[in-house]
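Engineer: With chain A fixed as given, assemble chain B onto it according to the hints.
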Amino acid sequence: MPLDDAAARVRQGFSQVGTRPLRPDGVDKVTGRARFGADAVAPGMLIGRILRSPHAHARIRKIDASKAVALRGVKAVVTSADFAERADDLKDVLVNVMARKKALYEGHAVAAVAATSATVARKALKLIKVDYEVLPHVTDVDEAMKPSAPLLHDDIFTKGVEPRPKKPSNVTERFEFGVGDVAKGFAEADIVVERVFKTEATHQGYIEPHACLANIASDGTGELWVCTQGHYMVRDNCARLLGMELSKLRVTASEIGGGFGGKTTVFIEPVACALSRKAGRPVKIVMTRDEVFKATGPTSSTSMRVKVGAKRDGRITAAECDLRFQGGAFAGSPVQFGAMTAFACYDLANVKAVGWDVVANRPKQAAYRAPGAPMAAFAVESVMAEVADKLKLDPIEFRMKNAAKEGTKAAYGPTFGPVGFVETLKAVKAHPNYKVPLGKNQGRGVASGFWFNFGGQTCVSLNLSPDGTVTLAVGTPDIGGSRASMSLMAAEELGIPYDQVRTIIADTSSLGHNDISEGSRVTFSTGMATIHAARDAIKKLCARAAMTWGIPVDAVVWEKGHAKPAGPNAGNFPPLSLKEIAATMFNTGGPIAGHHEYNAENAGPSFATHVVDVEIDPETGRTTVLRYLIAQDAGKAVHPSYVEGQFQGGAAQGVGWALNEEYIYGADGRLQNPGFLDYRIPVASDMPMIDTVIVEVPNPGHPYGVRGVGETSIVPPLAAVANAVQAASGVRLNSVPFSPPKVLAALEAKR
Amino acid sequence: CDADETLLDALRNRLGLTGSKEGCGTGDCGACSVMLDGRLVCSCLVLGAEAEGRKIETIEGMADGENLHPLQRKFLEHAALQCGVCTPGFLVASKALLQKNKNPTETEVRYWLAGNLCRCTGYDKIVRAVLDTAAEMREKRHAA
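Respectively, the protein sequence lines represent chains A and B.
So in my numbering, the last spot in the first sequence is 1023, and the numbers never skip.
So in my numbering, the last spot in the second sequence is 1263, and the numbers never skip.
It is possible that part of the hints are untrue.
[Stated by the list, open to error] These stretches of chain B come out as covered by chain A in the derived footprint (C-beta under 8 Å, 3 or more residues):
#, region
1, 1147-1158
2, 1228-1241
[Said to hold, decoys possible] One-sided and incomplete, this derived list gives chain A residues near chain B with beta-carbon spacing under 8 Å:
#, residue
3, Phe308
4, Ala310
5, Asp311
6, Tyr478
7, Val955
Just so you know, these hints were derived from the structure itself, not from any lab.
We put the CB at the ideal spot given by N, CA and C, even for glycine.
Next comes chain A alone, as it looks inside the complex:
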């Protein structure tokens, strides 16, 4: 949709946007009243539980559930036989939700029961007999790519390779992006650095396990309560997998206890719906933490090679990468995004970025905050640090020399509009943290990151109440305080106080389609829709005032929450407030509402630069984060506290990825650490305060200049920590996590 003139002009000067009011859902969340996925109950409710494969790879010869069905209290059992096989875009989703013919990873669902209590459901699972033929498995990405590797699927013939292979393999697709001629560029370089890297799979680690409550009737209608980042996606997937019409399934998004990309697909929801339909009663499924680790998320593990050439003056002449990502048992790792983002921070003439998407016997990867970018940035920004080091250049000066800016043609295609990368570099350089002297065994690391940001399908409704308060209905689940931002933007546009706008997340039957809360799109897309919906309501408010005054509608303007005659010629009438117009609306033409629905485009990218100081304990190899600084472009920070929160949260997740977190597989292909004790996410005592600088280079694609901020913050930390560890210890580690034993071994090898 082309932007109208008013929207194309980025507004300057705000009365409410940029302030830090309390969030509208705050009291519910500090008193325990907020209702999350597992907090709902229904009369007659059954408890659903899922039986999962203990094997990494196995043919399912037979499932005998007769004893479970016969157990007192069991009301339904489902297997893949209860879902019609598909060949469309939901084929993999369905096979992941319920294994068909083969179990492809440890934890893969093979059957489910609904029973009158959790105890009975657990007993019933033990009575289901599955006859498995255990098959050889593969979990490592490089191993999975070998021609001799066990095959997961017999119908994968690598796409993007000419000629297309005739033999199936685990490599689903090859991607390539680039500009110029890298061979020529490397020939011009005075210095070339080439390194290989590995990253381990990490989990999104949201504290709330997946949970839902399904109630499907025999007439093909139903309701579903679920914690998800996208309830329209859940409606689409569940209804289609069950053969229901979309509009007959009403999905309500509960409060969501974290997602970070991991709640952008379905796992238990279609199963709960199928059990409910079969049993004729409501069915609730709540995952255990063990199930969350084994059967949802995680992100890809990777193997990467990066090569960068530069002139003595620091100008990069060529950059190349080869990225191999395993995305679990199905196609669709984020390697394409990895290859696209790898060199996006830099203005380069010669780039070649290649990506390989690989399947392996692990859970199907799910999006994790800036999917694909943190791994690629770990490799690229580690090499950039080494190049700067070798050239004896300050890492910020080196980046400044090569930085992407307005007019840069990115290697993945587009030409950037106004972007704030250079501003983030300047901001960290000017910050006191960059000048703090470091002691023994301490080091400082710098790294930068980029994320595209997305727009997407969006629909909102803004409804006036007769008392002059406003309800804003949006369809993007609030995953980080977005209701506060939406209320701020609506209040700003309407010219009424923030606390007179109540933003709610509408269910799928109450509002048109909305894409998932992902891609850092909500404050940008839903925010812009909110502004347009408010403007739509303002037009109607002005028309009511015009009618009341008996003057033409174009003789009325809206200022600071009031309709006013446009000028002295329009007539002399005292202004009418929103409240006054709302109070009489039933007599002046009926209810007043504003709407906006569109496919949001022109999401401006967000760049960030992180600076981290660490100290290494030479006795144990433990890395302590001493100081952390983030500068990131937000375009315009609508609610600065929640912008800072996004910066800080992403950085902490990145620190966990860099130092502790990893999926550890045994030789049997089973996950050895499916719990928070052994899969250790950062705790409060692992982190220092996280200093933030909000850079604001307005995005011309948004009426207030907003850019998404949620994802970029996890892109730089892996490399920033790697570069700091190198500076502190003199040892460069090319595989995360930098767990104490790994660091200690590297220190000892050096000594």
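Structural biologist: Just chain B, lined up with the frame of chain A:
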């Protein structure tokens, strides 16, 4: 309650007190933190039967009617929550800290709260909220 029922299950499923959350069921995340006879525990690690006749304090009892506890207010003012699912556990644990230690250092706050996992915030604003609450409560006591 049933022999295999945890205190958390009993609170949530029998009493409808769903403010305490189950994040892991193994005592690793702290989202189910409650006070049992004045002691901070993970209610997922206590059997319901063990709690018979004992005093349980949950997040639902933290505010005094419409008046939020200072910690609840400061968590909101500092934007110390994003998704909010860990928040009840953090509040219960923080209150227990401030009962023991009226003037905790940042390090003491961080180590006391190390049993409560938050994946959204990076802990910065949570730690600030707790320190700020402690300071305000000290000032109030001083003024009184």
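Engineer: All hints are to be evaluated individually against the structure, with a verdict given for each.
Structural biologist: Checked hints:
no.	hint	result
1	1147-1158	holds (count 3)
2	1228-1241	holds (count 13)
3	Phe308	holds, 6 Å
4	Ala310	holds, 7 Å
5	Asp311	holds, 4 Å
6	Tyr478	holds, 6 Å
7	Val955	holds, 4 Å
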